[in-house]
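J.: Assemble the whole structure, with the sequences as input and the hints as a guide.
Protein chains: 2
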Amino acid sequence: MRETDFVGGFAKGLKVIEAFGEDKPRLSIADVSKITGLNRATARRCLLTLAELGYAEYDGKFFMLLPKVLRLGHAYLSATPLPTIIQPHLNRLSDAVGESASASVLDGTEIVYIARASQRRVMSINLMAGSRLPAYCASMGRVLLAWLDEAEARSVLDRTELKPRTPFTHIEPDHLMEEFRQIRKQGYAVNDQELELGLRSIAVPVFDHRGTVVAALNIGAPVAKVEVKDLIQLMLPEMLKVQSDLRTMLR
Amino acid sequence: MRETDFVGGFAKGLKVIEAFGEDKPRLSIADVSKITGLNRATARRCLLTLAELGYAEYDGKFFMLLPKVLRLGHAYLSATPLPTIIQPHLNRLSDAVGESASASVLDGTEIVYIARASQRRVMSINLMAGSRLPAYCASMGRVLLAWLDEAEARSVLDRTELKPRTPFTHIEPDHLMEEFRQIRKQGYAVNDQELELGLRSIAVPVFDHRGTVVAALNIGAPVAKVEVKDLIQLMLPEMLKVQSDLRTMLR
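Taken in sequence, the protein lines are chains Y and H.
In this text, residue positions in the first sequence follow full-length UniProt numbering: the first is 1, and each later residue adds one.
In this text, residue positions in the second sequence follow full-length UniProt numbering: the first is 1, and each later residue adds one.
Just so you know, not all the hints are guaranteed correct.
Copies of the same chain are indistinguishable here, so a pair counts whether it falls within one copy or spans any two.
Below are the DSSO-like pairs computed for lysine-lysine, each with C-alpha atoms no more than 27 Å apart in a straight line [claimed, not checked]:
no.: 1; residue 1: Lys68; residue 2: Lys163
no.: 2; residue 1: Lys68; residue 2: Lys12
no.: 3; residue 1: Lys24; residue 2: Lys34
no.: 4; residue 1: Lys34; residue 2: Lys229
These aren't lab readings, by the way, just hints derived from the structure by calculation.
These numbers come from a predicted model, not from an experiment.
T.: Structure below.
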């Protein structure tokens, strides 16, 4: 790519949108400059452009994003057959087992949720399409890493800040690489409170008809309700049915 | 706003993202140029920038968006308390009545979904956060229009391409304005197959503690399952409970 093919103002503007988030709903020009590393004049121009186009509003001090921003994420969701194809299967799966079911794909060192069918909220984390979690400590993340080349999986771990999210989180790269081999062999990953205390989950890969892993799906349930063996004996068979249905549908 | 405060490359890039969609998942440079009205050189540079930043991929002929685009919509969803606050209420409402419940806000002449709790799929339209529908023919849209100033509501209708989506869709502006008055008086809107054949829905406004309408919520159900009177006698009371809970929570 030649440098002249790069639209710098576009790249900076996207950074500005991503500066907003759960703990940062209202940002001043100085805030955005600090978060993005852009200088204040550039941050200001990008914010004013967002406001001018109706993607943000400005009260004279703070900027807030407006619902028009959803058009951008929706451009991906509606253009990609995967979430649309998976969603009804997640709904049925979630109904069948009475717990929340989700699907995600890998994006760098993180997984990003592309669909979710939720029963009562069991996690303190509020998950929805577009939500992100570190791959190394989530059941779907481990499935997605397990089906990469080993060198690639190792490189993702190298680029990840591995930290224990609970007292149960495994973070030693060699241990994780061994677990990936195990996951690939057995066909599923179980997560027992490694992401969040009180939460267990089980994940399997979603294959297309050529056998390529295109996503992962999981079921999460509270520790108080399900044992690890329930995940494997009761939930896994339902998940494998969905996996099999999707394999023939995803061409 | 001064012209020098506008980042043209950013504005053009956002247009390029929005060019993708349900029936346009894979676009060539020429396609994007045609859809956006940008010249080919500009469309090309924006697309290459998206690819360079990991928001899109390019197979040499066509561009496709990648899940990283979801970060943009997620910046809004996670930064805005509204979807997070409403979602658990929608889940309970949906469970209580056994039908899908949704919340949306007005964006120009359209409504945009900010949260949804779905039971079995009843619509042929695949709805999720970020989905859009014309306001004039959707129950939530009519609620949101009904609570605008009359002049503003009329101006939205003037800017809308009013067309019958089913044989039941009302599209005469005077009829719609009269219906808005009725909706405002009775506190809810009923939609009987005006959006899609086989689908009925009922919507109410969501007020904050000052009494300002900040969103609408609705329940949709198949014609085969519910009569209009069921919507009003069975579902409306549950919806008014949620409305009342949210009014105290939204500060």
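J.: If a hint holds in the structure, say so; if it doesn't, say that too.
T.: Hints, verified against the model:
{"no.": "1", "hint": "Lys68 - Lys163", "verdict": "between (36 Å within a copy, 23 Å between copies)"}
{"no.": "2", "hint": "Lys68 - Lys12", "verdict": "both (19 Å within a copy, 15 Å between copies)"}
{"no.": "3", "hint": "Lys24 - Lys34", "verdict": "within (12 Å within a copy, 37 Å between copies)"}
{"no.": "4", "hint": "Lys34 - Lys229", "verdict": "neither (48 Å within a copy, 55 Å between copies)"}
When held up to the earlier numbered hints, the structure conflicts with hint 4 and nothing else.
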